[in-house]
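Peer 1: This is what each chain is made of:
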Amino acid sequence: MEIFDFYRKDRWPHVFCPGCGNGTVMNCFYRAFSELDLPLDKTAFVGGIGCSSRIPLYINSDALHTTHGRAIAFATGLKLAKPELKIVVFTGDGDLGAIGGNHFINGCRRNVDMTVICINNNIYGMTGGQASITTPHEYQSTTTPFGNKEYPFDLAEIAVAAGANYVARWTTRNVHELTRSMKSALQKKGFTFVEVVSQCPTNFGRRNRMADPSQMLEWFKESSVRRDKTKPSIDQVDLNLEGKITIGEFVDRNRECYEELIGVGKHG
Amino acid sequence: MKIAPGEYFLQGNEACVQGSLASGIRFFAGYPITPSTEIAEGLSHKLRGNDGVFLQMEDEIACISAVIGASWGGVKAMTATSGPGFSLMQEAIGYAAMSETPIVIVNVMRGGPSTGQPTRASQGDVMQTRYGSHGDYQVIAFAPDSVQEMFDLTVESFNYSEKYRVPAFLLSDAEIGHMRGLLTIPEKIKIIDRKEKGMKRADEAYDVPDELVRPFPVFGKGHKTMITGMTHTDSSKIEPEDVKVHQELVERLSEKILRNRKDINKWELKCPGSKTMIVSYGSAALGAKEVASADDRVGLLRLKSLWPFPEEPIAEVARNCSQILVSEMNLGMMYGEVKRVALENGCKKVELLSKIGGDPPTPSEFRHKLREMGAI
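Just so you know, the protein sequences line up as chains A and B, in that order.
The numbers in the working numbering rise by one with no breaks, and the one at position 102 of the first sequence is 102.
The numbers in the working numbering rise by one with no breaks, and the one at position 55 of the second sequence is 55.
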């Protein structure tokens, strides 16, 4: 499938700023999806509210652009009502981890078959750069003018603890690993979660001495620590807790998914 | 799932379960809350395997979100809640109105505000049903007064939500939901299914033109459906800055309901032409029924649908009586609406019998008030 058949040209120009990481994630996702040769008309894309949640509206398939934080709950209903559909949720750190945190935790626990891709840019980008639950400690935002006194939330670790079947985290620098993880997530039954630490030069970088997107990618490179599922304790899956970004595949397991347990449809 | 015609002795909430099954429900998501819980419990027994999906979710917001998602999967979907749970659902109700998603929300009303009276009846949510979410929109709401109507009006809620692509509400309360009584399930029940995009049907049940209610583009059929809660064009292009697109969309969402009031509104009239008319609904009308049946100086207009507001029957009553008594189990929510229509139609005296705390007004309380008004 050509990229212009996958994305809707008629909806361009898109809303993303120059240097935004969403383009990298969209490109990686297109690659993963088309290399697996998945049917676009049998895939529904769901988003909440925020920059990353707009991605479903640019894909040439069924899209459900929902309320803030509830994308996983909407996706759960859609999947169980029409089990032959593959469901992909695009979300962000605020949408998934803050306002939608409860649905995220219970989505992982319930293990309904869907792939959730969270673009974590450490900030509320669409509203102009307020601190989010993943803004690193002491970093600047429009609502933390004296530095962020809170500590960031670790989305991947929550997904591991809550029971997701597949969990990985990469940055927008790791395009090959990210594409491979997206393929693994799309192929796997049950709730699969890929977190992408991404740059928002406009609203995060600019206030934290990284106005140039390449400086942010440099920051990702310097602070990334690779840790894979082969290594033991999950308390090492921290994001920026010690100023580091842990990347890797953290979980790959086969808990029975919810629709199999209740006997709804068969996995396509 | 087929339900057998016949006579049953059931609880109101159980009759609602039967009504949803008769309508062809395929998806229910709920969260435990008194006094609506029996609906979720009942459907957890019925919606299994190929018959449909029952889901208990993490909160009421998740429930209504999942119900909307399921509706886009092409199935009839419902949730049931009360008081605080209904408040939590408001944002998604606005989303369902904006995205024109057919869903049914059962609200077994209890006393509020806040946690209030979990086990006692109230009619305190009638205005929240109409105005609860932000922005301009219209919904459809029914108010049952018996076990039979818990069944009948559940079916109507599904039918009208499907027909007009709008969230429809069954506004019951703790009294009606927990009442036990006779339910007759008829042999034939009129069921309306949404008009799907690209589907030709011989049994065209719709007299609503496509300009007002667009055919439903179900997911997974290659329509490349794009659904959003943002201001959008007919082809779902997001246009939040476009004045004209917003105006046309929001006006149509209201017009499709308001222009079809005559099709939607349902009511019961006892002793029309009486000098004094009681206007009431749901459990607040139970005592009024008895009074109106026993005394021909007093008539009753019982509203079976509350939204869109049934202006026509109220105007008709107002033109032909000298005074109106509105009775409801809140501090006077529909009273203001009834008074507006009554005054416009020449009935100058409109009084309120309001009762909160959980017990519906009794026949003697009605008589006391009617004596004060000089009606009897």
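Keep in mind the hints are simulated off the structure, nothing from the lab.
Please read these numbers as outputs of a predicted model, since none were measured by experiment.
Treat each hint with caution, since some may be false.
Here are the computed distance ranges between Cβ atoms for each label pair [as the list claims (entries may be wrong)]: (1) B:E211 with A:R226: 54 to 60 Å; (2) B:E187 with A:H68: 43 to 49 Å; (3) B:S254 with A:H68: 41 to 47 Å; (4) B:L212 with A:P39: 50 to 56 Å.
Take a look, some chain A residues computed to stay more than 10 Å from chain B by CB distance [what the hints assert, rightly or not]: (5) N60; (6) A75; (7) T76; (8) N106.
Derived lysine-lysine pairs resembling PhoX-like cross-links, with alpha carbons at most 25 Å apart [as the list claims (entries may be wrong)]: (9) B:K304 with A:K42; (10) B:K304 with B:K237; (11) B:K195 with A:K9; (12) A:K188 with B:K304; (13) A:K42 with B:K349; (14) B:K237 with A:K42; (15) A:K42 with B:K197; (16) A:K9 with B:K349; (17) B:K304 with A:K9.
Using N, Cα and C, we set each Cβ at its ideal position, and we do this for glycine too.
Peer 1: Now tell me if each hint is right for this structure.
Peer 2: Here is how each hint holds up against the structure:
1. B:E211 with A:R226: 54 to 60 Å: This hint holds: roughly 58 Å between Cβ atoms.
2. B:E187 with A:H68: 43 to 49 Å: The hint (43 to 49 Å, Cβ to Cβ) holds, given that B:E187 and A:H68 are roughly 47 Å apart.
3. B:S254 with A:H68: 41 to 47 Å: violated (24 Å)
4. B:L212 with A:P39: 50 to 56 Å: violated (34 Å)
5. N60: Check fails; 6 Å does not lie beyond 10 Å.
6. A75: violated (6 Å)
7. T76: violated (5 Å)
8. N106: Violated: least Cβ distance 4 Å, not greater than 10 Å.
9. B:K304 with A:K42: At roughly 42 Å apart (the allowed maximum being 25 Å), A:K42 and B:K304 break the hint.
10. B:K304 with B:K237: violated (38 Å)
11. B:K195 with A:K9: violated (30 Å)
12. A:K188 with B:K304: Between A:K188 and B:K304 the Cα gap is close to 50 Å, so the pair fails against 25 Å, i.e. violated.
13. A:K42 with B:K349: Cα-Cα ~61 Å, so violated.
14. B:K237 with A:K42: The given pair, whose Cα atoms are some 21 Å apart, holds under the 25 Å limit.
15. A:K42 with B:K197: holds (17 Å)
16. A:K9 with B:K349: violated (63 Å)
17. B:K304 with A:K9: With Cα atoms ~49 Å apart, B:K304 and A:K9 exceed 25 Å; violated.
Taken one by one, the earlier hints fail for this structure at numbers 3, 4, 5, 6, 7, 8, 9, 10, 11, 12, 13, 16 and 17, listed in ascending order.
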